[in-house]
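Protein chains: 2
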Amino acid sequence: MAHPDEFALIRAWTEGRQRADFLSSRGVVTGIGDDTAVVASPGGETEWLLTVDAMAEGVHFRPETMGDADVGYKAMASCISDIAAMGGRPLHALVTVCVPPSWTPARTQALYDGLYACADRHGVAIIGGDTTASRADLVISVTVTGQVRAGRAILRSGASPGQKVFLTGPIGLAAAGLYGLLHPEAPRPPDSLVRAHRRPEPHVRAGLLLSEQGFGRALNDISDGLACEAWEIAEASGVGMVLREEDLPVAGELAAYARRCGRSPLDWMLYGGEDYALVGTIDAADEDEAKRAFREAGLPFFLVGETVSGPPGVWLETATGKRVAVAKRGYDHFRGEDGEGG
Amino acid sequence: MAHPDEFALIRAWTEGRQRADFLSSRGVVTGIGDDTAVVASPGGETEWLLTVDAMAEGVHFRPETMGDADVGYKAMASCISDIAAMGGRPLHALVTVCVPPSWTPARTQALYDGLYACADRHGVAIIGGDTTASRADLVISVTVTGQVRAGRAILRSGASPGQKVFLTGPIGLAAAGLYGLLHPEAPRPPDSLVRAHRRPEPHVRAGLLLSEQGFGRALNDISDGLACEAWEIAEASGVGMVLREEDLPVAGELAAYARRCGRSPLDWMLYGGEDYALVGTIDAADEDEAKRAFREAGLPFFLVGETVSGPPGVWLETATGKRVAVAKRGYDHFRGEDGEGG
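In the order they appear, the protein sequences are chains A and B.
Under the numbering used here, the first residue of the first sequence is numbered 1272, with each subsequent residue one higher.
Under the numbering used here, the first residue of the second sequence is numbered 1272, with each subsequent residue one higher.
Calculated from the structure, these hints are not laboratory results.
Not one of these hints is a red herring.
Here are some of the chain A residues that sit facing chain B, going by a computed Cβ distance under 7 Å: (1) Arg1288; (2) Gly1302; (3) Ile1303; (4) Leu1362; (5) Thr1367; (6) Gln1380; (7) Ile1398; (8) Gly1399; (9) Asp1401; (10) Thr1403; (11) Arg1406; (12) Asp1408.
Bear in mind that the values here come from a model prediction, so they are computed numbers and not experimental data.
Glycine residues also receive a C-beta, built at the ideal position from the N, C-alpha and C atoms.
Pulled out of the complex, with its shape left as it was, chain A reads as follows (with noise of 0.2 Å):
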């Protein structure tokens, strides 16, 4: 059977289930519908981050790409990333892991040491999970913890127009490694591109900078793709948004690779995804001391456009000046499209 879009779906399901006033008795600041909640602490100078991700064998991930301790890696990258796309700093993780009669105890195994060896590398605490069998697939899924200063979480909602745009590291890495893998006629991929595949990184320090600092009015991790997470903000915060392609960073050796492949790098960066820098916007007056601090802190800062008025929407400005609509699609799962970087 047919599924209608992911999205709406979900919406349906959870939208308006629960009232306003006993969210907010629950503490609740922000609710389903952006990176992470966000709740309330008794203290009052701190509030909570919570989300979770889910990757299931065979529709997130293929054994010809990940190895298991990949697999464990990027699930909990993919949760740390939503954390650092609030501007939080991620503490605690609790795991499931449903296993398979098919997965030896080795493999999952491997599966931990991955999980594992991302929480160490961003300090994150794994306190708690449930391991349990299922009866055809591997499914894993993380939730994470974070905290932020109260007030501070970055959401979706707040592009205003005029405002610039930012990326925080260079895009479609993660896409071109998984092409290469997927495709043994065309050239090897680097390792570097392998490795942005398997190993994503969350840019949680670049996240901490942009709350901490104040700089980040709205944000998103590109867990997506570019035209899909831009689309989110635009319609989260009733902007349009243009995008200059001359300033999207381009990195070298996805440059080398498309050209060894014959490809334009230009549709891996917009509707990769899986690279998980962060997309986002700053006041206009903010550009120079924000620019200052990302030097600073030896982290890439790249300002890829502008937010303008008008009705929602995402736009690639050419060389030449030339305006051209972007398709508002990433990875829908319910499409059955291939689930990694699609």
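The hints should help you fit chain B onto chain A, whose structure is shown.
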């Protein structure tokens, strides 16, 4: 292949992987190993409880005995029960649902109806989740947060010799209901037993009373059967536990159904599980006060035994005064037993 004991494996994958001083730097008061994790909150007056529980189609539930809404209800209930088993107040939930192509949107909608029905009943705000595809089976993983007054979380390890053992409700009903549903040749089970299997209620108010009034010394919810949960307390606390057969509360409908089936209710009560009553210990000196407090709150409270010094273990004292060792068994997914009421 044969899997070793589930808990031993999970311990091997997780124990000692992160240093105590690192966990403590992340505010972790209690990590992996109890019903929930306990983490410090910046304010200091309360602590956060965090737990996750998963259910997989064909392993933890079967369409023959559970409607889709029941699956959602039970997934939420089992997680809330973990909060109750720490003496906490459940507050928030995040829900992962991996939906196979065979499930229609109407079925997933029913699953969410069950999730919300249980969340609403226990005052839990659903604040996030991940709904995604799976290839074969439905998998649902629920994360629940709760709060408890700092230092008041009731662990499994708090029992010491000479305490009284209590139950907060009759047990074995869910297992009897499941038995009736799985055995068409057996007498039809009464609705109350079927409901106990499909819509178990966590004992949140009892857990809160135990922590807020300071009675609870050790506490566990009976998700895996009284025998298994009593053993967990005995081992975590280093005590023996003697249960008096005559004092174990047998619900009238359970006794009647067991008679009609020509079975003893005791097996369901000791090894059944999924009733979500609480088992725990109080100081002997608190017996009268605790009884009064439960009576005033309108909550069941049964004193069923004592803790004794000596090697950890659980014994059943029969009507004739004989002590019989209670086997340490409950449901173990990795042995491929039936997941329900074990």
